[in-house]
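Asks: Listed below, chain by chain, are the residues.
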Amino acid sequence: GQQVMQIPQYQHVQEGEDFTTYCNSSTTLSNIQWYKQRPGGHPVFLIQLVKSGEVKKQKRLTFQFGEAKKNSSLHITATQTTDVGTYFCAGTAGQFYFGTGTSLTVIP
Amino acid sequence: DTEVTQTPKHLVMGMTNKKSLKCEQHMGHRAMYWYKQKAKKPPELMFVYSYEKLSINESVPSRFSPECPNSSLLNLHLHALQPEDSALYLCASSQRGLSYNEQFFGPGTRLTVL
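Residue numbers (this note's numbering), protein chains in the order written: chain R, -16 to 91; chain V, 170 to 283.
Source of the hints: derived by calculation from the structure; they are not laboratory data. Among these hints, one or two may not hold up.
In silico DSS-like links for lysine-lysine, alpha-carbon gap of 30 angstroms or less [as the list claims (entries may be wrong)]:
no., chain 1, residue 1, chain 2, residue 2
1, R, Lys53, V, Lys210
2, V, Lys205, R, Lys19
3, R, Lys42, V, Lys210
Per the computed footprint, the stretches of chain R lying under chain V, defined by three or more beta-carbons under 8 angstroms from a beta-carbon of chain V, are [what the hints assert, rightly or not]:
no., stretch
4, 25 to 31
5, 81 to 91
Just so it is clear, the structure is predicted and the values come from calculations on it, not from any experiment. We treat Cβ as the ideally placed atom computed from N, Cα and C, and that holds for glycine.
All chains should be built: construct the whole structure from the sequences, respecting the hints.
Replies: See below:
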């Protein structure tokens, strides 16, 4: 079964609101990567986290890797319509898995 | 050149046809991947080639046959597919293996099996 789960599955936000997606693994991950896939597009790499407790920021995006290296989160501040898409975490826990994804809709 | 190209963009085939998907990258990457993605689902890893050798085959049916002619090219040969094989097939590459390496994805081939 799927080893890496993300919640929520779908999220609709008003433009300007914040958004967070959570990624949870049943086993310890060696690292976590985040990808964004626009509707009709292909996954595009956003960032990689390797260390326990690591936090990285990219403009309005903040990424965290949990202390136990079993979970991660992506937080977007003040969403814009350009943030629309599905956000996937991905990591290695024996095998390489993409998470189930969170589809973000931003309402102008 | 930071692009992965895939041909064709769309493919419709019957269950008795034989077709091939092609993928190319010129970034000097030594690992290349095939993924299958169904609508509203995450990409599922099918095959990994590392230094032109097949290193991972995620229990993919034999009707899918990968080939890596050289370090820049990756093919996926299709034969006797089933309608449930209809999906977006994504190729990706990275500098080296799966872990700790950013993957660059191509635009995909949308496959329909009739």
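Asks: Now tell me, hint by hint, if it's right for this structure.
Replies: Evaluated hints:
With a C-alpha separation of about 21 angstroms, the suggested pairing of R:Lys53 with V:Lys210 holds against the 30 angstroms cut-off. Between V:Lys205 and R:Lys19 the CA atoms are separated by roughly 17 angstroms; this keeps the pair inside 30 angstroms, and the hint holds. At roughly 28 angstroms between alpha-carbon atoms, R:Lys42 and V:Lys210 fall within 30 angstroms of each other, so this suggested pair holds. By the rule of at least three residues with a Cβ nearer than 8 angstroms to a Cβ of chain V, the coverage given for the stretch 25 to 31 of chain R holds, with 5 such residues.
With 5 residues having a beta carbon nearer than 8 angstroms to a beta carbon of chain V, the stretch 81 to 91 of chain R meets the requirement of three or more and the stated coverage holds.
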